[in-house]
Amino acid sequence: MCGIIGYYGYRNSLPILLKGLKILEYRGYDSCGLCLYKDKIFYEKVVGKVDELIKKSKYLEKLNANIGIGHTRWATHGKVEIVNTHPIFDCNEQIAIVHNGIIENFEGLKKFLIEKGHKFKSQTDTEVIPHLFEEMLKTNNAVDAWKNTVKALDGAFAILALYKGNLFLARRSSPLVIGISKGKNEFFIASDVLALAKYTKKFIFLEDNEIAYIINHKLSIENLKGEKIEKEISEIKEFEVEVSKENYETFMLKEIKEQPKSVENAFKGRIAFKDVVPVFGGFKFEEIKNFKRIIAFGCGSSYNAGVYAKYLFDRFFDFHIENASELKYKDKNIGKDDLLIAISQSGETIDVLECLKKYKKRAMKSLGIVNVVSSSIAREVDGGIYLHSGREIGVAATKTYTSQLVVLFLFWLYLARKFNYIKKEEGKKYINELTIIPKKINSIFNSEDYIKKIAKKYVNYNNALILAKKFEYPTALEAALKLKEISYIHAEAISSSEMKHGPIALIDEKIFSIFIVPHNSVTEKVINNMEEIKARNGKILSITTKGKYLKQIIKNSNDVIIVPNSIEELQPILTIIPLQLLSYYIARIKNIDVDKPRNLAKTVTVE
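Counting in numbering that gives the first Met the number 0, the sequence shown runs from 0 upward without gaps.
A hint or two may mislead.
Claimed, not checked - Straight-line C-alpha distance at most 25 Å; calculated SDA-like pairs for lysine to any residue: (1) Lys439 - Gly281; (2) Lys118 - Gly107; (3) Lys230 - Lys427; (4) Lys309 - Val278; (5) Lys217 - Asn246; (6) Lys55 - Gly77; (7) Lys427 - Tyr247; (8) Lys267 - Lys137; (9) Lys57 - Val45; (10) Lys230 - Lys267; (11) Lys200 - Glu229; (12) Lys39 - Gly107; (13) Lys483 - Ile591; (14) Lys438 - Glu257; (15) Lys244 - Cys90; (16) Lys200 - Ile232; (17) Lys201 - Tyr9; (18) Lys309 - Ile566; (19) Lys163 - Gly281; (20) Lys78 - Lys39; (21) Lys57 - Thr75; (22) Lys78 - Lys118; (23) Lys109 - Ser121; (24) Lys291 - Lys109; (25) Lys427 - Glu231; (26) Lys256 - Glu567; (27) Lys115 - Asn147; (28) Lys48 - His76; (29) Lys201 - Lys48; (30) Lys364 - Glu432; (31) Lys18 - Gly164; (32) Lys163 - Lys78; (33) Lys499 - Val306; (34) Lys217 - Glu206; (35) Lys438 - Ile232.
Said to hold, decoys possible - Computed Cβ-Cβ distance ranges for the label pairs, DEER-style: (36) Asp448 - Lys78: 17 to 27 Å; (37) Phe272 - Asn462: 18 to 28 Å; (38) Lys427 - Glu523: 22 to 32 Å; (39) Asp153 - Phe272: 34 to 44 Å; (40) Ser180 - Asp448: 41 to 51 Å.
Please keep in mind that the hints were generated in silico from the structure rather than gathered at the bench. Backbone N, C-alpha and C fix where the C-beta goes; we use that ideal spot for every residue, glycine too.
Working from the sequences, and respecting the hints, build out all of it.
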């Protein structure tokens, strides 16, 4: 979750660190800090966001320090306080550590170190690292001391240490990348290549249980056995260096409004009108054609997209969607007839990555559906499909969610056409409808002012039920997540037919219900469920389309938002848009920072 940045070279490191931290702030924004080295250590920390650190550290620019590390924190162990803000130090403040992850055996290590006379100041698990390094230095040179320190740690981590003007790195399950500057022995380190894109396009990705040292302008990489590793340098030629809000008040609103383009990017170049078989370059049909089952897994919005995919794939295939947070603790019966699909916007979600590593060798093949090029999951899978959504800054997934729906739809159509389950004419119907979805999304924005007014009506509710059936049930899951993470409303998504099996007991004046009820094969069923809430004086907001049941839906609802019609399989791309806007405007009325809501981070890289 936390962001790590580092520099070793010839330039003034302070602007590089601050620029990197600003880019990495999406990974955590409880607190942040940095440490520079110029004959000795200089550091600053703040509780709050990077802008505060920029102000507080301004005086350090005159140091012209050529070596430094920085960190932006999402709190795990220890409260959001200065004492727990990284960098974290040893007893004598000779060793500075920035760390992303969790040290699972920190309590045992801490007890051992206290017995050795070390004094701890913070409540973090991180603090055992500098003290352990300090202890190892008593009997080892710096390289061996670092190696022995990392060997003693259990858990998932990315670590960057500064000691006597040298940098020491370690990775296990959390991303850490080294940027290489052309023609110079200078190095840029970060937990995300985006933080380094301004300076280089060439990177070395550390893998699990690899450690690195930058000493006297030379980089060395080893495994924990001490064996030298020659790493491939990856070149990423094209990705966004900086993203601005342009004329929007927040990144989230900008990203909601970018969906006509991001949805188009998800299918652009992949539609073959002649034979109506979508085109993918990230895998070959021959490699996957003998699968018997598809096992997909994801977390959060990516899991919800997988639930949508299940309604598609179940028509022809044996498709399973698993919550990666739980799948990794199962011993699921996965074998050589199974195709794995890892779904993750960032490509770094720790639970998804660990599931992939656990089950990949058992399965036929693994595919990734990710947005971030060269992310850990993109490198781990056998093949995959990129979303091409562009960088998403807001913590809440918006454009990447709808892009996931498009990519999953195309992959379903690809397999259905390859196996001849769908004939060419039916395939054309699907493709023709998909190509006009961007225009239909644009038309929903004409209702934005109306949605703002509706948001004012529901801003004081603390609880909501989101009800839908079939293809719209995943939309209900995603809408509930948006209300929770952005609007701070406790929202629960349920299949509307499940309401009378318990949840209807919640209906009173303190809760409102959102029905997602477009005209499709189950409209009448959902209207019956609306009637049951209406009979109990429940407050209803409906998301619907024009059609023969519209008058009845309006009659049963306190408020109605109408979206364009589409075919049942693609309608969820449209019905989620007004619910993103509703969550957004409720949050804005509450003065919530939607780009950085409390307690959240964009990329989940710790359990």
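Handout entry: Indices of hints not satisfied (ascending)
Key = Hints 1, 3, 5, 7, 8, 10, 12, 15, 19, 20, 21, 24, 25, 29, 30, 32, 35, 36, 37, 39 contradicted; others consistent.
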